[in-house]
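If you want the building blocks of each chain, they are given just below.
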Amino acid sequence: MTLHIVVTAKQVLDPETPLSAFNVADNAVSTAGNIPPVVNGYDEQAVEAALRIKEAHGDAKVTVLSCGTDFALDVIKKPLAMGADELVLLQDAAFENSIDPTMAVAALTAAIRKLGDVDIVISGRQASDWDNAQVPLGVAESLGWAVATIGRKVQVLDGTVRVERVLPDGHETVEASLPAVVTVSNELGTPRYPNMRGIMAARRVQPTVWSAADLDLDGAASPAFELVSLKKPERAVQTEMITGDHDADAGRKLALRLREERVL
Amino acid sequence: MADALIIGEVAGGAPSSSTMEGIAAARGLGVRQVAVLLPGADAATAASAAITGGADIAYTVVDGPAADGEFDALVDAAQAATAQSGARYVIGAKTLTGRDVMPRLAFRLGTALASDCSAVSLDDSGRLIATRPVYGGNAEASVACLGSVAVASLRPKSVDALEPDASRTGEVQPLAFEANVRTRVLERVEEAGEGVRLENARVVVSGGRGLGGPEPFGSLRELADMLGGAVGASRAACDAGWVPSGYQVGLTGKTVTPDLYIAVGISGASQHMAGCSNSRTLVAINKDAGANIFKEARFGVAGDWQKVLPAFMEQLHELMG
Chain A
1 MTLHIVVTAK QVLDPETPLS AFNVADNAVS TAGNIPPVVN GYDEQAVEAA
51 LRIKEAHGDA KVTVLSCGTD FALDVIKKPL AMGADELVLL QDAAFENSID
101 PTMAVAALTA AIRKLGDVDI VISGRQASDW DNAQVPLGVA ESLGWAVATI
151 GRKVQVLDGT VRVERVLPDG HETVEASLPA VVTVSNELGT PRYPNMRGIM
201 AARRVQPTVW SAADLDLDGA ASPAFELVSL KKPERAVQTE MITGDHDADA
251 GRKLALRLRE ERVL
Chain B
1 MADALIIGEV AGGAPSSSTM EGIAAARGLG VRQVAVLLPG ADAATAASAA
51 ITGGADIAYT VVDGPAADGE FDALVDAAQA ATAQSGARYV IGAKTLTGRD
101 VMPRLAFRLG TALASDCSAV SLDDSGRLIA TRPVYGGNAE ASVACLGSVA
151 VASLRPKSVD ALEPDASRTG EVQPLAFEAN VRTRVLERVE EAGEGVRLEN
201 ARVVVSGGRG LGGPEPFGSL RELADMLGGA VGASRAACDA GWVPSGYQVG
251 LTGKTVTPDL YIAVGISGAS QHMAGCSNSR TLVAINKDAG ANIFKEARFG
301 VAGDWQKVLP AFMEQLHELM G
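So the protein sequences, as listed, match chains A and B. Using the numbering used here, you'd call the opening residue of the first sequence number 1 and step up by one each time. Using the numbering used here, you'd call the opening residue of the second sequence number 1 and step up by one each time.
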């Protein structure tokens with residue numbers, strides 16, 4: 001039996017965007033200039049985890065699901081270039097990227113059901129835009145599947161998944177029967193770079209596109225939140241720069257100044 | 001029946017600090033009755049502390065997988081406590097456990113979680129308004145929760161716990177529910193850190209990419225030891241393997257609120273600031289005068305840490321005798 005791995009991947013604003021190019025206006029966030037979006041960093045780690053399982057397992061297929069309204073195809077195809085087999089875009093005006101994860105959970109759940117034969121879903125631990133860290137957990141609850149979060153190592157062994165989870169002061173190993181949802185963290189390691197062959201192969205792949213209607217989702221999910229306001233946070237700090245004749249002098253003066261202010 | 005339910009945690013025979021903060025946040029909403037869920041072998045003892053700290057009802061779970069901290073069973077317990085309390089507002093914390101349990105609870109209750117909130121309040125129609133940092137702290141969002149039950153998790157240390165009031169009384173009820181554990185813990189391994197625990201330290205000395213390698217962390221350790229503090233790091237330093245991931249301060253690491261936070265060679269990416277911006281005094285040493293960290297620091301030195309730090313430590317040594 002082919003092991004069917006689904007990876008969820010979200011297209012997000014580049015989190016490395018400098019603060020100066022980051023705009024918050026009219027309850028929306030945008031970036032100045034032509035800074036292209038990226039695949040959410042943790043989701044690239046999810047792709048990496050899936051590819052490692054595929055390599056270990058042999059007979060496996062990796063399908064990438066991405067939910068959104070507008071896709072930059074050369075960006076969202078990166079998981080294919082890394083080695084994933086198929087790409088399904090859940091694309092609809094109703095799938096607007098919002099702080100409310102309800103719609104994304106409904107769309108991904110419906111798509112996983114529509115694919116039908118999925119054994120394991122691997123997601124990044126959170127997306128770098130809203131930092132909600134709840135879509136994968138919502139998908140697991142909606143499907144009634146087991147879930148393990150913040151993995152640094154994921155292994156599929158004979159109908160079960162074994163995940164080494166990162167803890168603040170160590171790690172733990174958990175196990176669940178498939179089907180299951182797993183999230184991965186940066187501790188998994190650097191995702192592989194696409195090679196030229198992968199990039200050429202990705203270019204030839206036509207993504208499948210499913211709308212809300214294709215997923216029988218019209219009006220299915222009632223929103224959990226209404227956005228009241230979105231703004232740049234106020235920063236009240238007055239910074240005092242300590243200078244000296246040279247760097248060592250500045251270091252000495254810093255200690256004296258901290259003592260003066262009774263910080264030390 | 002209660003208006004608000006806190007999904008609590010028990011540590012060392014007492015409710016965890018974030019549990020007490022949650023109770024205070026619920027009391028701050030001005031609701032009549034506040035219940036708290038306390039899973040853990042010492043839950044009965046913890047219940048009295050929760051009541052003097054502002055709770056009216058404590059649901060205790062003293063044995064079984066939920067008391068042992070199994071996430072699946074905790075979600076089941078939280079769902080049962082929500083049903084039993086009839087609460088309209090359910091509040092947890094963004095702790096290791098809360099990160100898993102709270103979103104799952106929210107979806108079971110047919111809504112989603114307002115996660116990582118810095119504040120909660122009620123609007124005129126009784127809707128829970130949750131305020132939280134988004135885009136790694138570059139923006140702040142306020143959302144109104146629309147469902148019949150609002151579920152929110154608080155960022156630890158964003159609300160002050162109430163002063164204990166020994167005259168308060170409340171009810172303690174053992175919670176009956178069925179636990180369905182699907183993800184089993186096979187093994188837990190502690191990787192002991194050195195020195196003072198990061199989360200409790202009054203002084204934190206953190207290093208980032210600018211340190212260039214693992215060796216300079218020795219100097220940071222020396223400084224931390226002088227000040228009775230702990231050593232932290234940015235995600236970049238952890239990802240590079242210079243220090244273990246347990247050192248990480250930031251959105252995906254630990255949240256620290258020391259009296260003094262000294263950031264060395266850290267640019268101040270919002271992902272890092274999310275973990276340390278509530279420190280009382282933030283001091284930054286970085287060679288790039290334009291680094292974001294200088295926008296957030298109270299005191300800054302734009303210079304080479306290899307020269308600044310030894311002089312700083314020498315002067316400090318003199319001051320401290």
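Please note that the accuracy of each hint is not assured.
Simulated coverage check for chain A against chain B, where a stretch passes if three residues somewhere in it have a Cβ under 8 angstroms from a Cβ of chain B [stated by the list, open to error]: (1) 97-108; (2) 130-140; (3) 239-250.
No wet-lab data here; the hints were simulated from the structure. The beta-carbon is built from N, C-alpha and C at its ideal position, and this holds for glycine as well.
Status of each hint after checking the structure:
Closer than 8 angstroms: that is the beta-carbon criterion, and the region 97-108 of chain A has 5 residues meeting it against chain B, so the requirement of 3 holds. Interface restraint, the region 130-140 of chain A with chain B: holds (8 residues with C-beta to C-beta distance below 8 angstroms; minimum three). With 10 residues bearing a CB less than 8 angstroms from a CB of chain B, the region 239-250 of chain A meets the requirement of three and the coverage assertion stands.
Violation of the numbered hints given earlier is absent; every hint is satisfied by the structure.
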